[in-house]
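Here the protein sequences come in this chain order: A and B.
Everything in the first sequence is counted per our numbering, starting at 1 for the first residue and increasing by one.
Everything in the second sequence is counted per our numbering, starting at 1 for the first residue and increasing by one.
One thing to keep in mind: the hints can contain errors.
To be verified - Below, a list of computed lysine-lysine pairs in the DSBU-like style, where the Cα atoms sit at most 30 Å apart:
#, chain 1, residue 1, chain 2, residue 2
1, B, 165, A, 108
2, B, 182, A, 182
3, B, 112, B, 72
4, B, 123, A, 182
5, A, 106, B, 92
6, A, 182, B, 120
7, A, 182, B, 92
8, A, 106, B, 112
9, B, 165, A, 182
10, B, 64, A, 182
11, B, 92, A, 158
12, B, 193, A, 182
13, A, 106, B, 64
14, A, 108, B, 120
15, B, 70, B, 112
16, B, 120, A, 106
Just so you know, the hints here were simulated from the structure itself, not pulled from any lab data.
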Amino acid sequence: MSQTKLKTDLQHLKKPSRSKTYFTLLLFVVLMIVSAISVDFSFQKLFEGFPNMFNLVDKMSPPNWSYFSYITEPMLETIRMAVVGATFGSILSIPFAILSARNVTKSKWVLLPTRFLMNINRAFPDLLMAALLVAVFGLGTTAGIIALSLFSLGIVSKLTYESIEAIDPGPLEAMTAVGANKLEIIYYGVVPQIMPQYLSYCIYVFEINIRFAAILGLVGAGGIGQFYDTNLSLFNYPNVSAMIIYTLAVVLVIDFISGRLRRSLI
Amino acid sequence: MIEFHNVSKVYPNGTRGLNNINVKLEKGEFVVIVGLSGAGKSTFLRCINRLHEVTDGEIIVNGKSITQAKGKPLLHIRRDIGMIFQNFNLVKRSSVLRNVLSGRVGYHSTMKTIFGLFPKEDKDLAFQALDRVNMLEKAYARADELSGGQQQRVSIARALAQEAKIILADEPVASLDPLTTKQVMDDLHHINKEMGITMVVNLHSIQLAREYATRMIGVRAGEIVFDGPVTEATDEVLDFIYGKGTTTVESFPEKQQPLEEVVQ
Chain A
1 MSQTKLKTDL QHLKKPSRSK TYFTLLLFVV LMIVSAISVD FSFQKLFEGF PNMFNLVDKM
61 SPPNWSYFSY ITEPMLETIR MAVVGATFGS ILSIPFAILS ARNVTKSKWV LLPTRFLMNI
121 NRAFPDLLMA ALLVAVFGLG TTAGIIALSL FSLGIVSKLT YESIEAIDPG PLEAMTAVGA
181 NKLEIIYYGV VPQIMPQYLS YCIYVFEINI RFAAILGLVG AGGIGQFYDT NLSLFNYPNV
241 SAMIIYTLAV VLVIDFISGR LRRSLI
Chain B
1 MIEFHNVSKV YPNGTRGLNN INVKLEKGEF VVIVGLSGAG KSTFLRCINR LHEVTDGEII
61 VNGKSITQAK GKPLLHIRRD IGMIFQNFNL VKRSSVLRNV LSGRVGYHST MKTIFGLFPK
121 EDKDLAFQAL DRVNMLEKAY ARADELSGGQ QQRVSIARAL AQEAKIILAD EPVASLDPLT
181 TKQVMDDLHH INKEMGITMV VNLHSIQLAR EYATRMIGVR AGEIVFDGPV TEATDEVLDF
241 IYGKGTTTVE SFPEKQQPLE EVVQ
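Chain A with its partners taken away, still in its complex shape (with noise of 0.2 Å):
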């Protein structure tokens, strides 16, 4: 009897179809050949700017190495908007991760509320943003550091609040279970489980925060970017390329400093 009802059983079992897979295949690659045809790429072109990259290459030897002493204070400015704006923004996105963390804050009219807010953050281009807050403070470093902090702010929120959804939920069970209050319960049971990652992505931001701020000139707003802007509108390319070797060597040092704090972090 039970031989018979396996072969019916074996009838309704049929093999998932694989269509779906196929048709997605499908769309990605159509998608890419429009979107590549509407940008009007060509490998053409590719081939014919190679050259112009060896001229600029060209023209950019031999640097200007006297160039360094000139631009140490941009630089160090710099450093210091990564600095303030990856501190502002690992402070501020406390709040924000653990009122969007699913298994901290059990009340929706919070949680989505504080993710939405979260999300029109990242979902601003960076440099945009930037310009923007050009336009309300005016020229200078404030403006970067705010962009930097609001910058700082959606990666690292984003980042911990993952982390807190992933903590062992055990301590928290236990710090309900001791009579202790919503602020207590996630000093002691949240707060000891995500500071390594927590710190580690404060570092982590500070890094790519330098990358940013290299940049954040060109819509002027403060540190070593305003530089390579008037260098490059004026064809000046041995300042050029001695901004980008210092620039290439603090990223490298900072680089290497900060992934030797993480790692002794976690």
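Position chain B against the provided structure of chain A, taking the given hints into account.
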């Protein structure tokens, strides 16, 4: 000390966790709850300190209704009920001392606890609690450096530092080896005997239940099917609680006899 009045609990997915429970647990008892996984043991325990909400009925703890309490009064009732979990639920990155001190947060203002300003008496209390479970020398170790049995003893110390009058233990030894199981159960036994703290313990093991309990409650499908001294919990009774009976009983649960007939 703990009174259940017509308590029912239905989970959002329709599962009945508890079905019209009426029971009274007295001060100083060592109550062991036995039953199959999913019978409702854990739900029973978690309703007492309202880690789970009941859907119907009322639970009175020390003369106060915990099911109706809100805000501060609820936190104060919980403060008097310690809890021990199968997975210890310690903050693994924090020190043992800090884990034990976290049992004191219910006694102080939020600001004080967040800045870690525990008075000296609290620290003494924490050290005493650690001493009681023989973990004093590990006070400054990180919780994740300890073995399972040691972590469970720290969580007992947390309940002691809390100055709980009742301790609920949800499968406290399920993830421990036989030797540490004995140590942890002995700790609970001594605390119950010497400090008069009421124990409500969920256990899988019948042997342990027989060894330590003064009173046994058998839970099956969300209902209390046995409640009495351990001496009365005969093999037949346990078979009924665990639904082991004869093969016919096993395959046709609707034909199972009521407990009274089994016992006779």
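Proposed proximity, residue 182 of chain A with residue 193 of chain B (alpha carbon, max 30 Å): Violated: residue 193 of chain B and residue 182 of chain A sit about 34 Å apart, past 30 Å.
Hinted pair residue 64 of chain B and residue 182 of chain A, Cα distance within 30 Å: 22 Å, holds
Proposed proximity, residue 182 of chain A with residue 165 of chain B (alpha carbon, max 30 Å): 23 Å, holds
30 Å Cα cutoff - pair residue 106 of chain A, residue 112 of chain B: Within the cut-off at roughly 25 Å; holds.
Hinted pair residue 182 of chain A and residue 92 of chain B, Cα distance within 30 Å: 20 Å, holds
Proposed proximity, residue 182 of chain A with residue 123 of chain B (alpha carbon, max 30 Å): Status holds; Cα separation ~23 Å.
Given pair status - residue 108 of chain A, residue 165 of chain B, alpha carbons within 30 Å: 36 Å, violated
30 Å limit on alpha-carbon distance, applied to hinted pair residue 106 of chain A and residue 64 of chain B: 27 Å, holds
Satisfaction of hint between residue 72 of chain B and residue 112 of chain B, Cα-Cα up to 30 Å: 17 Å, holds
Given pair status - residue 92 of chain B, residue 106 of chain A, alpha carbons within 30 Å: 24 Å, holds
Satisfaction of hint between residue 158 of chain A and residue 92 of chain B, Cα-Cα up to 30 Å: 24 Å, holds
Given hint residue 112 of chain B paired with residue 70 of chain B - CA-CA distance at most 30 Å: Distance ~23 Å between residue 70 of chain B and residue 112 of chain B Cα, so the pair holds.
When the structure is compared with the earlier hints, violations turn up for hints 1, 2, 12, 14, 16 and for no others.
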